[in-house]
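Trainee: If you read the sequences in order, they're chains A and B.
My numbering numbers the first residue of the first sequence as 19 and each following residue consecutively.
My numbering numbers the first residue of the second sequence as 10 and each following residue consecutively.
Honestly, the hints are just simulated from the structure, not real lab data.
Keep in mind that this is a model prediction, so the values were computed, not measured.
Warning: the hint list may mix true and false statements.
Stated by the list, open to error - Okay, derived cross-link-like pairs now, BS3-like style, lysine-lysine, Cα gap no bigger than 25 Å in a straight line:
id, chain 1, residue 1, chain 2, residue 2
1, A, K120, B, K160
2, A, K89, B, K172
3, B, K248, B, K259
Said to hold, decoys possible - Pair ranges (Cβ atoms, derived):
id, chain 1, residue 1, chain 2, residue 2, range
4, A, R75, B, L110, 49 to 59 Å
5, A, G117, B, P252, 21 to 31 Å
6, A, G149, B, A150, 22 to 32 Å
Cβ atoms here follow ideal geometry from the backbone N, Cα and C, with glycine treated the same way.
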Amino acid sequence: MSILKAIDITFGFDQKSSILRNCSFDIGQNEFISLVGLSGCGKSTVLKLIAGLYPPREGRIEYAHGGQLGKIGFMPQQDLLMPWRSVLENAALPMEIQGVNKREAQCRVLELLPIFGLQGYENAYPFELSGGMRQRVSFLRCVLTGHQLLLLDEPFSALDALTRREMQLWLTETWQKWKQSVLLVTHDLDEALLLSDRIFVMTSPQEGPFYEIKVPFLRPRQPSQVYTKEWLDLKEKMTTFLYKKREIK
Amino acid sequence: MKKNLAIVITVVLLLLGWEMLIRGLHIPMYILPPPTMIFLSLVKEWKLLIFIHLPSTLWEVLIGLFLAVLIGVVAAVLIVFSRIGEKVLYPLVIASQTIPLVALSPILIMWFGYSIWGKVAITVLISFFPIVVNVVDGLRATNQEWVQLMKTMGANRRQIFWKLQIPHALPSFFSGLKVAATVSVVGATIGEWLGASEGLGYFSRRASNNLQADLLFASVFLLSLIGIAFFLLMQWIEKRSIPWFYQMKKIERKR
Numbered sequence: 019m020s021i022l023k024a025i026d027i028t029f030g031f032d033q034k035s036s037i038l039r040n041c042s043f044d045i046g047q048n049e050f051i052s053l054v055g056l057s058g059c060g061k062s063t064v065l066k067l068i069a070g071l072y073p074p075r076e077g078r079i080e081y082a083h084g085g086q087l088g089k090i091g092f093m094p095q096q097d098l099l100m101p102w103r104s105v106l107e108n109a110a111l112p113m114e115i116q117g118v119n120k121r122e123a124q125c126r127v128l129e130l131l132p133i134f135g136l137q138g139y140e141n142a143y144p145f146e147l148s149g150g151m152r153q154r155v156s157f158l159r160c161v162l163t164g165h166q167l168l169l170l171d172e173p174f175s176a177l178d179a180l181t182r183r184e185m186q187l188w189l190t191e192t193w194q195k196w197k198q199s200v201l202l203v204t205h206d207l208d209e210a211l212l213l214s215d216r217i218f219v220m221t222s223p224q225e226g227p228f229y230e231i232k233v234p235f236l237r238p239r240q241p242s243q244v245y246t247k248e249w250l251d252l253k254e255k256m257t258t259f260l261y262k263k264r265e266i267k
Numbered sequence: 010m011k012k013n014l015a016i017v018i019t020v021v022l023l024l025l026g027w028e029m030l031i032r033g034l035h036i037p038m039y040i041l042p043p044p045t046m047i048f049l050s051l052v053k054e055w056k057l058l059i060f061i062h063l064p065s066t067l068w069e070v071l072i073g074l075f076l077a078v079l080i081g082v083v084a085a086v087l088i089v090f091s092r093i094g095e096k097v098l099y100p101l102v103i104a105s106q107t108i109p110l111v112a113l114s115p116i117l118i119m120w121f122g123y124s125i126w127g128k129v130a131i132t133v134l135i136s137f138f139p140i141v142v143n144v145v146d147g148l149r150a151t152n153q154e155w156v157q158l159m160k161t162m163g164a165n166r167r168q169i170f171w172k173l174q175i176p177h178a179l180p181s182f183f184s185g186l187k188v189a190a191t192v193s194v195v196g197a198t199i200g201e202w203l204g205a206s207e208g209l210g211y212f213s214r215r216a217s218n219n220l221q222a223d224l225l226f227a228s229v230f231l232l233s234l235i236g237i238a239f240f241l242l243m244q245w246i247e248k249r250s251i252p253w254f255y256q257m258k259k260i261e262r263k264r
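Produce the complete structure using the sequences and hints provided.
Mentor: So, in structure tokens, the structure goes:
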């Protein structure tokens with residue numbers, strides 16, 4: 019069952035050029051999908067389109083839970099934590115906007131802090147935390163929107179390689195607990211293979227549906243699988259596709 | 010502590026140099042009095058200065074600064090959130106700073122007489138400007154990514170304004186407020202020069218007309234003390250209102 023259907027979407031910031039042309043896709047319930055593509059191809063724009071921040075020029079997006087703004091969780095590339103709010107207040111922001119009682123909202127946050135490795139940091143301010151911790155607060159804030167679909171815009175790209183790997187492993191272990199669907203934008207193919215059920219490969223401009231890869235590996239996946247032949251073959255397939263398309267252009 | 014020591018030493022050296030220069034060159038007192046003479050006249054007239062003239066100037070500064078904050082913040086919000094405000098109000102606010110206050114004084118006296126309000130008007134006119142400029146900059150500096158994030162959370166314009174733009178603009182508001190607090194003393198003094206019956210500015214004008222340079226400097230000394238006190242007061246309020254801003258700067262400096 020799909021919770022979001024995009025039908026024949028065309029979008030561009032001006033009339034002459036378009037990032038997407040007649041592109042259709044769907045996101046299933048409890049599904050983890052990655053959207054990969056070369057830098058500047060418009061991956062983040064697709065995410066904002068789905069979030070409801072831009073209206074598509076043509077086509078429509080059907081979301082099972084009504085309108086998109088205020089109904090889909092969004093995690094931006096930079097953590098965008100408010101420096102005047104503590105960890106507790108930052109994570110409670112979406113619930114505050116939804117009108118949830120303040121005490122109740124903060125209770126929810128305190129409940130989840132240990133899972134996000136932030137126990138004891140509820141009163142810390144963002145600038146006192148490391149980059150990895152800030153991203154975790156940002157992710158917690160996204161999860162606490164309570165929505166069925168979460169959009170993650172390169173959440174780990176600002177982190178160093180070791181922290182990034184650590185966060186990816188942590189995400190694979192924890193995301194299934196929330197029964198939420200995830201669309202993750204990334205340019206790290208290993209990250210996509212490690213985390214997703216399906217991978218959308220995007221080209222610039224994207225005409226028609228995305229090139230799609232179903233990830234066959236069972237969960238839980240191990241980082242050591244990165245060196246297996248099936249893994250490398252899939253990676254090779256995506257890389258070839260991405261660069262071949264680029265040469266034609 | 011070390012910083013405080015440095016300023017004390019500097020001031021003492023400056024005063025010493027001043028004193029010795031005047032005594033050495035035999036400069037007449039009505040041209041420039043030595044610090045000791047200023048201090049003596051301060052002591053001689055302290056009752057008059059502290060109980061009559063100081064309070065009346067203080068009131069003008071307090072009321073003027075309060076109104077300046079009120080008017081400045083409202084004007085800045087109008088400028089940022091309405092097209093007419095941006096196109097019409099902002100140029101007018103800037104133009105208001107070119108008004109030659111001295112030329113305006115007869116009119117101000119006709120409007121307000123010798124009451125406190127003429128002085129308050131000039132104080133407001135001078136000190137609302139830094140507040141407007143800083144609050145406008147602070148409100149405009151809101152990152153668009155942040156606004157988009159709040160929209161995805163379902164925030165309406167009011168929530169974006171109160172939960173994002175206002176707290177985000179607070180540090181620049183306080184920068185403006187510190188400047189405004191300092192120039193508000195200048196405003197009150199100018200107001201009193203133009204027409205008053207009491208106040209440190211009035212006192213200094215009378216002293217100046219009588220060539221009592223020592224008394225003139227004594228009142229100027231008190232005026233600058235008010236300026237410094239107000240600046241420190243605003244800084245104190247700032248540190249208590251936005252402690253996160255100071256902590257953040259401290260940590261960023263260390264990195």
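Trainee: For each hint, tell me whether it holds in the structure or not.
Mentor: Quick rundown of the hints versus the structure:
| no. | hint | in the structure |
| --- | --- | --- |
| 1 | K120/A / K160/B | 20 Å, holds |
| 2 | K89/A / K172/B | 19 Å, holds |
| 3 | K248/B / K259/B | 13 Å, holds |
| 4 | R75/A / L110/B: 49 to 59 Å | 56 Å, holds |
| 5 | G117/A / P252/B: 21 to 31 Å | 28 Å, holds |
| 6 | G149/A / A150/B: 22 to 32 Å | 23 Å, holds |
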